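Taken in sequence, the protein lines are chains A and B.
Heads up: the first sequence at position 324 corresponds to 442 in the numbering used here, and the numbers run straight through without jumps.
Heads up: the second sequence at position 58 corresponds to 89 in the numbering used here, and the numbers run straight through without jumps.
Hint data in this document are derived by calculation from the structure and do not stem from the laboratory.
The reader is advised that the hints may include incorrect statements.
To be verified - Each pair of labels, with its calculated beta carbon distance range:
| no. | chain 1 | residue 1 | chain 2 | residue 2 | range |
| --- | --- | --- | --- | --- | --- |
| 1 | A | Ile575 | B | Ile123 | 27 to 33 Å |
| 2 | B | Ile123 | A | Val559 | 36 to 42 Å |
| 3 | B | Leu119 | A | Lys407 | 57 to 63 Å |
| 4 | A | Ala543 | B | Leu119 | 40 to 46 Å |
| 5 | A | Leu330 | B | Phe149 | 48 to 54 Å |
Just so we're clear, the structure is a prediction, and the values are computed from it rather than from any experiment.
Here a beta-carbon is modelled for each residue, glycine too, at the ideal position from N, C-alpha and C.
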Amino acid sequence: MGEITDQDPPKYVLRWMISGSLPINCLSCHGNDPAQDQSEFALQVFQQNHRWAATGSCPFANVTGDASTLPDTYDPFMGGFSDNPAIKPPVVTYDKTAFDVKGRVFFDIVRKPPAWRCYFCHSTQDLEKAGPDKEWTRDEDVHLQLGLTCVDCHRNGLDHKITRGAVDPQHPDHQVETLTCEGCHIGDPAAGLPTAVLGGRLGAPKATHPGLPPIHFEKLSCTACHSGNWPGKKATLVRTSRIHRLGLHGKHRREEPLPHIAAPVFALAEDGKITPQKMIWPAYWAYSKGDKVTVISPEIIKNVAGKVLEGNLTEALVDDWNSITEEQISQTLALLAADGGNDGQPIYVAGGGIYTLDEAGKLTVEEDDSGQSIAQPYTWPLAHDVRPAAQSLGVNGCQDCHATDSPFFYGEVAVDSPVKIEPAASIPMHQMQGQRPMLYVNVNRFFKLLIIITMSILILHIIGDLFRRLFRHSE
Amino acid sequence: MKNADLKNIAQQQTFKRFDLQFRIQHMVLFTSTITLIITGIPLWLSLGGPGHIWCSQEVIQAFGGLEAARIIHRWAAAVLIAVSVYHLFYSIISRRGRREFIELLPRIKDVTDVTHNFMYFFGLRKTRPQFRRYSYYEKFDYWAVYWGCVIMIGTGGVLWFPRLAEKCIPWLSYELALEVHADEAILAALALFVWHFYNVHFNPSRFPGTLLWWHGKISREEMLRDHPLELEKLAQEGQAEQLS
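Same shape as in the complex, but just chain B (with noise of 0.2 Å):
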């Protein structure tokens, strides 16, 4: 945030939370992402098998065949893989990267506001608990792409590749990636459908949607409900500015 705005931060009304370079990968992230489910559909319902569901050609022609899914599915993993890779970087050198970065890691607090809100949910609180820059449930989105990423770009490797793959881990056979990569599927789409769009999009207090994930701009009221804790630092900061 620049110098100024860290003067005005009593009278400002909106924050820009997420600049160009993060909004940018996360675009790329989610439309590779919601490309790699739509059509990783079709190539799970061919599977059949012990544990997975059977479906007819048709249903599979409807996606436009196996041939195609298939070619569009591993362009847009080789874009996420890109974007994880940028990423990875982009935490490492940029220095904002890295602040983010840190922000995001886990703490204790983080352990004692998932009980504090569970509290508040059953009526056993009466104020919801104050998160600062990202609260634990925005934490877990986050490392649950990085774990997302970490099994499906690994899996998926075997499934591209798998002479190299069988050199290179042979104790990680094809049949054994297909059956973990198909499953992790499952979970990140339910968490990303159910569980991420609900916070984003769906929940009552910013439906029917938001469009933070466009401009990058959050509201004062979003960040005094959602974020008091960071709005206090950022006054600090500003108040520091004004003295110095």
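Same shape as in the complex, but just chain A (with noise of 0.2 Å):
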């Protein structure tokens, strides 16, 4: 999981030494004991006491000390400094008293993890909870509730490439599919087994679908109606487990909700199926040369540009943004100039626009909604919680998305910035789709038209036609 390289400078190679390589924890996932902490083992991480993380974690075990302490020049099989109180080789002690009268310790160890084994990193939280619709009200995914454990359907062999319920073309055995939502609940006619051409694996029930035109299946994934909470008129904040440290001690901090991630945000996937996604606005310094983009590290903007930046911290927050002001942008892209040389022009990506100081020094802000932009948001879908069949959009009918005010397309996702935007901006959903709206407005609106002026003139020409019949006589 984390070992030394051949791209590591030499100044690494003793804190390697004194670390150890990072294994992976297979108790991580296979440890049933509810005393297995996965905190502790991040905690081990942060201290480098890599060899020492996984038996830290245990339940048994206790490690004490900090590798990050020791010197470069300190030899772990060794030891030394005993009488710098300063510095603390990590010591390993066991718990006695788990281990029987001859010597053994029981590893509750399982094949397949329990679900909230996979929780511990795949956990997210919702933060915007108002009104009777809390968190906890909230059903957790129907597979789980209905006896299936994650495991189930993310099977891995020896190999632990675990499936992720998509199709990967990537994965070499081609029974993966099978194990797809529509491997389970449809069939897969490629598939190489009959029982996974039938489908209903795992009592899955068939899905039918009746009445759904086949062109959803082309541009919808699966999860578009059935993942997810039920949509609403906005996208709303949540966090995750892996990008907001959820559960680690000292870490998870209830009043943090940077890194904003909102969802579920419908969105056109890599696959080209719109997809619900979460989704995180970048915001970041950079260089731009050409059609390279390099990104500039935090310290060098703090060394450049702190004392323009840091002048802040004690004004109003942008939600919990530090705001940060256009004036302080092009003092800073000024800076970064006069320092970058020939790395390129620098710019700030903030809220889906790209700052820039033109030749007259005026800042600008170029925003490009065509997708390819560094400035578009990152996305990447989400898959659960899965909702029952009786939940999934469309069970109201078509005018669950196909309706001028339905969340699918019209909802709002907000274009989150710490740059302070006047009134906040939101994009709606069907611009994450690739549609073209207007144009489809525009050509129902010329259709309309050509409607009303042909038929005004044909029921005219009626009009005269029955006139002359009825009160003149022709002749």
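Please dock the two separately framed chains into a single complex, following the hints provided.
What follows is the structure, given as structure tokens:
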């Protein structure tokens, strides 16, 4: 999981020797003991106690000491520095009560990890809960409610290439397609096993989708209708285990929603299907030279423009960002331009816009929603929690999505930026789906006009003809 | 028209306007079109979205449900495509078809007939314009069907075979085709039930309707009123036959 590589600079070689490689902690998944402490594993890693981290997370062992305090010259096999209290070599002590009379300890390990093992790293927490809709009132994934566990679908062999629930063309085993939504609920005609062709694995009900035009299966992923919270008028903020370090001692603070993740956002995925996704708006400083964009590290920004950017720490926050003004952006870009040399033009990316200084030194913002812009938000698909069929989009009819007020097309996604924007900007979901609603609206208007004009002339003709026939004698 | 008919034009009380071929094509056309309109309504109502009407599931179920409507709609579309292609070949290969096609081509006289007729409606002219075999509004009906078929079959094909359409005509997206298909269908339905039906069934000279589409025959009185130049032409051809 972590070890020295050929690309590491020489100064890291000694550190790796002290910390040791970071092996994969099998107990992270296969440990069935509730006392298995993954948070402790993370804390051990923070302290560079790599070779001790897995042991430290076990309920029957305790690791004290901090490898990060050890100098590069420390020999972990020889020890030393015992009289220096600032230097704390890692030490393992075992809980003797955990061992039986024969000196053995019971390893509570399972082949199939329980779902709560997965939750430590794969949880999502809703931040915006108002009124009666609170997180504890929401239902768990329907598969789990019905007795399945995560690894019933997300399987792997000894190679531990865990299937993700979507068809992965890179996976060597074609059989894995049967572990997708379609594979279990519809069947895979191309699968090798007869049972896989039939579908219905693990008792999965057969999906018939009566009356649904087949185009939906080409345009939408299964998760678009079946996963995540029922879409509301706007995408809400969430936190995730891996980004926000939920559950880690000292790292998870309820008051810190940054980085902001919006979900669900119905956007085009890499396979071209509209998929519910989580989304982050990038905000960073960079140098732009031709097609190449080089991100500038926060340390360099602090060194170059620290005085400019830190002056507003006591100012009012934009949501929970430390707000940044356009004046600060201008000054920072100017400083970066002076410092950057030939690295390119300095830019600031935030809220979907690219801030630059023009030749006259004036700040300009370029907004490019083509989908190829470096300022475009980063998205990744979400697949859980899966709602029951009776709660899928479309259960109320086509108007769940095909309506002028449907969240699917017209739900709002806030444009997240540390730059204070008044009024607060947002974009509609359809902008993330490659739709061209104005084109369709204009086509609709054109035809409406055509109908009105054509029928007006025809009806006028009819009236004129009627009038002559009924009230005047034709010659 | 046969030689014997031409010689007796002056005494003839009914004329054969449309032969069996034409009538069968017309029957197949209107059967498929009306089926398409009826089955298209629930499909259109379920669209939702800007510019469209929302309706409840009960209304859609009253039409038999979306799935059944779609299947019948596609069968009727196949029939429409078949009769359109047949008519195209008929108009090119058959001598009679070519003659009818030429008669249906727009002419300068049609433009003058339009203005003449509107002036007649407003009392600015005392007499109606005199029409040949096809009046300008019959030609409008014919070419409107051409226009409608091209658009409806084209966009319908995109909706029926979206993957193939994406490869062949990527600029015509599914959504755009759907928008054009639905809107043109409204125009076609209105033109059919309001304009065409008035002209052939509901106008006072023909009310409650004509069976011309069935037996293909038109009375002398109708010929004199609606196609006097055609009658004149037939009479001239009849005299020419007699002389020859």
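Hint check:
no., hint, verdict
1, A:Ile575 x B:Ile123: 27 to 33 Å, "holds, 32 Å"
2, B:Ile123 x A:Val559: 36 to 42 Å, "holds, 40 Å"
3, B:Leu119 x A:Lys407: 57 to 63 Å, "holds, 59 Å"
4, A:Ala543 x B:Leu119: 40 to 46 Å, "violated, 54 Å"
5, A:Leu330 x B:Phe149: 48 to 54 Å, "holds, 50 Å"
Of the numbered hints listed earlier, the single one contradicted by the structure is hint 4.
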